[in-house]
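Participant: Listed here are the chains, written in short residue letters.
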Amino acid sequence: MALTITEKILARASGKRRVEPGENIWVSVNVLMTHDVCGPGTIGIFKREFGEHARVWDPEKVVIIPDHFIFTSDEKCHRNVDILRQFAAEQGIRHFYDVGTPRYKGVCHIALAEEGHTRPGEVLFGTDSHTCTAGAFGQFATGIGNTDAAFILGTGKLLIKVPPTMRFVLEGEIPPHVLAKDVVLRVIGDIGVDGATYRAMEFAGEGVERLAMEERMTLANMAVEAGAKNGIIAADDVTVEYLSGRARGPFELVKGDDGARFERERVYRAGSLEPVVAKPHSPDNVVAVREVAGTRLTRAYIGSCTGGKLSDFRRAAEILCGRQVAIDTFVVPATTEVARALETTRVNGKTLVRVFEEAGCRLSKGASCAACLGGPADTFGRINGPEVCISTTNRNFPGRMGSKEGQIYLASPYTVAASALRGAITDPREFLA
Amino acid sequence: MRGKFRERTRRRVFVLGDNIDTDQIIPAKHLNLVPTIPEEYEKLGSYALSGLPDGSPRFVREGEARSQYGIVVAGKNFGCGSSREHAPIALGAAGVEAVVAESFARIFFRNAVATGELYPIESCKPLAEEFETGDEAELYIGCGRITNLRTGRTFELKPLGDAAAVIAAGGLFAYARQTGMIGGGKRD
Ligand code: SF4
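Note that the protein sequences, when read in sequence, are chains A and B. Heads up, the first sequence stops at 911 in our numbering, and the numbers go up one at a time, no gaps. Heads up, the second sequence stops at 198 in our numbering, and the numbers go up one at a time, no gaps.
Since the hints were derived computationally from the structure, they do not count as laboratory data. Accuracy of the hints is not assured; some may be wrong.
[To be verified] Below 25 Å or equal to it, Euclidean Cα-Cα: the simulated DSS-like pairs (lysine-lysine) are:
1) K135(B) with K53(B)
2) K135(B) with K86(B)
3) K494(A) with K639(A)
4) K494(A) with K635(A)
5) K86(B) with K757(A)
6) K554(A) with K53(B)
7) K639(A) with K53(B)
8) K135(B) with K525(A)
9) K525(A) with K86(B)
10) K168(B) with K135(B)
11) K733(A) with K494(A)
12) K554(A) with K639(A)
[Stated by the list, open to error] Reference listing, derived: stretches of chain B covered by chain A, where coverage requires no fewer than 3 residues with Cβ under 8 Å from a Cβ of chain A:
13) 26 to 39
14) 44 to 50
15) 83 to 97
16) 167 to 176
17) 179 to 188
These numbers come from a predicted model, not from an experiment. Even for Gly, the Cβ is constructed at its ideal location relative to N, Cα and C.
Whole structure, please, built from the sequences with the hints as guidance.
Facilitator: Listed below in structure tokens is the structure:
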């Protein structure tokens with residue numbers, strides 16, 4: 479029987495020749511990731527259920543990446559990182575990217591990739607809904623809660639239902655002013671925030687094959703915004719190249735079979751796509767930028783696991799270079815690796831840091847989730863009043879970036895940068911040659 | 011509330027619309043609380059649904075730890091957004107026994123089941139119009155019905171399927187032990 483990529487990976491992980499959508503299977507886990515928000519609770523359940531002196535099933539397969547509430551004076555947040563630190567030491571967990579050390583990384587989903595934990599063909603669970611980002615590498619990756627994660631910590635296994643696959647094919651080449659963020663927002667706008675609930679979203683076609691790894695990550699990252707269990711993209715040479723020198727261990731590229739069954743297939747002519755925004759307060763409230771051009775804004779935000787990667791900043795800098803922002807514009811690198819690259823990567827001969835400084839942006843000193851999810855009151859870039867913000871992040875629910883009075887427009891780094899220059903929603907084509 | 015369920019329950023209802031996301035159920039600023047620490051579990055309950063837009067009725071009264079509402083009736087895609095288990099936990103800690111919604115976001119549903127904090131039950135038709143916040147309702151979990159005691163009308167609910175036994179056992183671990191999937195352990 480012909481299997482999709484997702485089915486094939488799950489069949490292997492459950493020791494079966496084939497699996498069917500809807501089937502409940504026990505899968506063996508290759509990587510379990512947790513962070514400072516859900517790790518302490520996960521550890522609490524692990525100890526309650528398996529005993530105070532229990533050992534995790536495999537310390538090599540546990541990855542702990544504090545990233546959410548890092549640069550804050552909130553004491554509980556610090557205590558939570560202490561809990562992670564103690565657990566990593568006690569269990570001999572090597573892949574712990576501790577705060578305040580040179581190993582500190584920042585946003586977990588980008589860190590997982592940079593550190594080579596996103597290996598094609600494997601199964602990754604994480605206590606964060608955007609764990610689906612790693613699907614960009616042809617890995618089965620999905621978000622779970624603390625209880626499931628604690629179960630994995632003790633057993634290395636989890637009972638899951640095989641999702642049917644919805645396939646999104648991008649025919650032809652995506653125009654240069656359209657970014658992966660525009661593509662995925664378009665898709666979410668079309669199918670709705672529950673349009674892929676319980677499903678795998680597979681992205682394929684020439685438009686996807688031509689995308690660099692970081693853009694593919696943006697596609698997979700937002701699968702959960704359509705309710706999907708996982709996003710997935712077939713691994714290829716681009717994947718292998720990204721992982722060379724990074725991957726911790728061997729991996730195998732898993733392709734879908736010819737004739738695999740998809741519950742639904744949607745084909746997009748990539749050439750006809752255009753820049754879009756998701757209006758407040760839902761990621762499926764999607765319109766073309768031109769339909770809301772001129773909407774007044776009070777701030778712009780570039781960061782997060784969706785829009786805080788090096789290529790996102792390079793895109794923003796292409797537009798900001800030699801110009802001045804008209805509104806408060808916050809720049810938050812997702813990881814320390816991205817932050818360092820901002821100092822060495824150049825656009826028009828200037829480093830990205832310099833471009834942002836000269837444009838009048840406010841650059842975060844630390845790499846973290848920052849205001850993507852609001853967080854404690856002293857969080858960098860947090861919305862603390864009736865701001866109207868355009869952001870490269872992934873969610874614009876009421877209160878997502880802090881105050882419930884805030885309004886958030888989601889957009890690509892190009893559109894956010896162009897809009898920051900005008901202080902109003904602006905089509906990036908106005909600034910792209 | 012873990013594992014303390016009744017087959018039939020009579021509680022006050024709190025009514026919500028579509029797409030109630032986890033930031034509205036428990037705002038991110040409270041995610042510094044760790045649910046396995048008893049005082050913090052209780053605190054999470056006191057903040058349940060505090061992220062609803064201003065002007066919405068309060069789910070938990072100022073200064074109280076638990077809600078007067080034991081059943082939440084909602085529309086589509088309840089619990090969308092983050093994977094934070096704090097969301098079903100906050101509702102459970104506030105005393106919610108069941109959320110009856112047209113549909114659930116996947117991770118919320120799974121977390122509700124795994125924690126055994128509450129029953130996530132799907133209604134056969136939209137019910138948000140059939141209830142007002144404060145109505146008393148009788149919920150028959152086993153036979154899949156809910157009655158609005160103010161209007162006297164009864165509505166069908168979808169069967170919980172595989173999930174029912176897990177919640178009734180008190181969550182994933184209790185269920186896994188009951189069914190021999192994992193060994194003894196020290197719980198309860
Ligand atoms: S950057 Fe935002 S969406 Fe991504 S993991 Fe952090 S809080 Fe979640």
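Participant: Which of the numbered hints are not met once you compare them with the structure shown?
Facilitator: 1, 7, 8, 9, 12 and 16
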